[in-house]
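Please build the complex by placing chains B and C with the ligands on the supplied structure of chain A, with the hints as guidance.
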Amino acid sequence: MRSHIKVFNVDSGSSYQRNITSWVTGNNTQGGKAAADALATAMNYTKDCTAAKKCDVAIGVSSLTTSTDAARVAAFKAEVTAKYPNITMLNDVVSQSQPSVAQSAFAQDISAHNLAGIFAVDGTDAEGATAAVKAAGSAGASIKIVGYDGYANNIASMVAGGLGSLSAIISQQPTLEGMLIIKYAVAALQGKKVPHLQTLPNITLLPSTPASVLAKYQYVAS
Amino acid sequence: MSTSVDVSGSEVTTDRRLRRVVTNQQFVLFVVLIALILFFASRNSLFFRVGEFSNLFTDFSGLVLIALAETYVIVAGGIDLAVGSTAAVSGVVAAGWIQPLVNHGVNQAVVLLVGTLACAFIGALAGGLSALLITAFDLVPFVATLVTYSVGAGLALVISHGAPVGYNPGAIYWSASGIGMITWLVAIVLVLAVVLGVVLHLTVYGRYNFAIGSNEFAARAAGIAVRRHLISVYVLAGVLAGLTGMFFYIRSGSGAATTGVTNSANLVAIAAVVIGGASLTGGVGRWAGTMLGAAVLTVVSDGLIFINVPPTWIQVVVGALIAVAALLQSFRRRSRRVT
Amino acid sequence: MTIADERTPVLELRNITLHYGSVEALHDVSIKSYAGEVIGLVGDNGAGKSSLIKVISGVNTADSGEVIVDGVRRHWRSPHDSMAAGIETLYQDSGLAPDLSIGSNIFLGREKRRSGLLGRLGFVDQRGMEREALEQLARVGITIPATQRTVSELSGGQRQAVAIGRAIAWAKHVIILDEPTNHLGARQSAEVLKVIKSAREQGLSVLFISHSLPHVLEVTDRIIVLRLGRVVRDAPTSEFTVESLLGTITGLNESPS
Ligand SMILES: Nc1ncnc2c1ncn2[C@@H]1O[C@H](COP(=O)(O)OP(=O)(O)OP(=O)(O)O)[C@@H](O)[C@H]1O
Ligand SMILES: [Mg+2]
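Residue numbers (numbering that gives the first Met the number 0), protein chains in the order written: chain A, 0 to 221; chain B, 0 to 338; chain C, 0 to 256.
Looking at chain A on its own, in the form it has when it is part of the complex (with noise of 0.2 Å):
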């Protein structure tokens, strides 16, 4: 049954999706595939991943079932596949949004394995990745992370360098997502068409990336 409640949708969708007037998100799969590559130059891949010493790589998701984790991660591993054979990519650590939870499964993965770079898919995979590694001290010493989205406490880890610090974040651009929907809400409820789904390209910050630029993505607590 549909009502007639225009419904207004950012970042993760759901499977009501269809029944929206408008979704803006971030375009989830071109941002795992920037992550895939962010990953791999941060980890030297032509270098040092051969096909006789591949290269392991966890992946931190929040959830198995959330339709942005689910995005990124099917994207990344879908580039790491194409473009980077001597990747060894390890089952998904499930962190259930919890820091630490992703952090236990981190500290395994680095026991287990000779890892050489974690894939966070979100804020809360990267709190914990960051602090899994920086926990292993010299175990760690060569582990590469990438993150996802701009909280403050990413952001201050790459910036700071050093053991256990972010080597990029893929970052959602929030504040034109917002504007966006705001403006077209306003458009539809005048009568106006306005696109059904639209998808904004994520931006890879960088530890070199100016200090202006990284305020800018910034995730600002509400």
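Treat the hints as calculated values from the structure; they're not laboratory data. Glycine is no exception: its CB is placed at the ideal position from the N, C-alpha and C atoms. Don't take every hint at face value.
[Said to hold, decoys possible] Simulated coverage check for chain C against chain B, where a stretch passes if three residues somewhere in it have a Cβ under 8 Å from a Cβ of chain B:
#1 81–92
#2 95–103
#3 112–121
This is chains B and C with the ligands only, laid out in the frame that chain A set:
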């Protein structure tokens, strides 16, 4: 005059003693624990390393305090569903309070001590709420602690806005320091755990705990201040949950509203107690059982990740483990009735 | 009535009234009991016998009326206070903790502590308790080979014996036994009656509740009959026969009081 009470079986035969050992829950758990460690090591020999044992001890420490809290409450005939969210709310509140100290470069020992006291305090408030609802408003523990659980989880989200609170890498580095496989942080938790075991089994306080859970009327009729004791037990559980919140803050260098909530830490803790042989109807439970139960749960969930089992299977295995423990317990009870 | 009136009663209740919500369990109940006297408290199911003894032991608090021990008006905040005043109670609904050992039950609420610092920290002297529990039970005529087993491993009669043993071992002035011969066979019941007689010889005041009228007539000095929460008869045992007692309890023969 001899109203002779003949307690049969006072002479224990060797055969009988052997059977008692084999059906003893702690003994079985110990064997299971060793078997699990050997199994994981056989699948990946790296499991047998100091670094991995350090990981196991750390994860064990994150569970054992709330599991022991749950042991006290369950032995006293109650249940506490609030321990997970109490850890969350203590962690985020304390993280917010101590961040200015971190920013000003205050000595880490001072920062962490202040945080620990703050967490214990907030945990005590949460436990106090449960105790109030149970003793003054006569709510059953299940409902009362569910209220505390919801309040705690909600407040943690409101306070943190859903984002990590605080940023203290120094705490992470300290959490990893120690001797061999035992970090200082783990050592402190283990000492506390031993104290809790001694109090439970060797002191008057612990004895009252068992008496109340075994027969509340008998305890009251014997002059035990049942209400006061129950208040103290829920406050103690709250404090231990708060300290667990601080444990996770130190480990991750920040507080999160999801800590202990999204992974149903309360149920994992209860599972450890049940696996350890305690009875949910009260009066029965052992410190060693809970310790071994928590150890088995830790080794299983960590070990399965270690040998790269898909995450969906891990929950199934843990569920099966709890079922086996419960079956073992009912089997043991039945066999005791027969002898 | 008797010369007993000139002595101070060990225990006296004056005008006790007790309600459970809207149910009136006791109405204006007054009784006296003296040292070295066994009182039988009888009445139909629900007459208020257990309610009355719970007022004496401090489990229940009366809505009005006074509890007087050795001539002093007392107010119990909990059963602990009545125990401290030398009153021991065997409850009809089990007063034992089934998951604790026999020894721990004997010492429940008055645990023996270890000597020195450990004792001050609250450490219990389990071995000492088990040993003394054996002695205490033996002193009142109950012998058990081992006190370390839990009460849940005992038969109903064995549990009852332990509960009686506990009450008698600790009683200083008054001992209240609410249906102590419940669950007991004929031989054990006879033993309980002997225990009651020996308690009287030691100068204790005994309150004996039972539905077994021959037992009551055999062992008591005075009988108090309760009906619907009121005392309907309080007279020396010699004035009753099984038939007249039964009539008074049921209210079928209203003999003058
Ligand atoms: N906890 C309670 N709550 C409510 N009513 C109660 C409670 N205990 C007893 N009563 C009521 O008080 C009245 C007296 O009960 P009491 O147990 O004192 O009787 P009794 O003489 O001991 O009976 P019995 O011989 O069956 O043991 C009864 O009407 C009973 O239903
Ligand atoms: Mg009764």
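Verification of the hints:
1. 81–92: holds (count 5)
2. 95–103: holds (count 7)
3. 112–121: holds (count 3)
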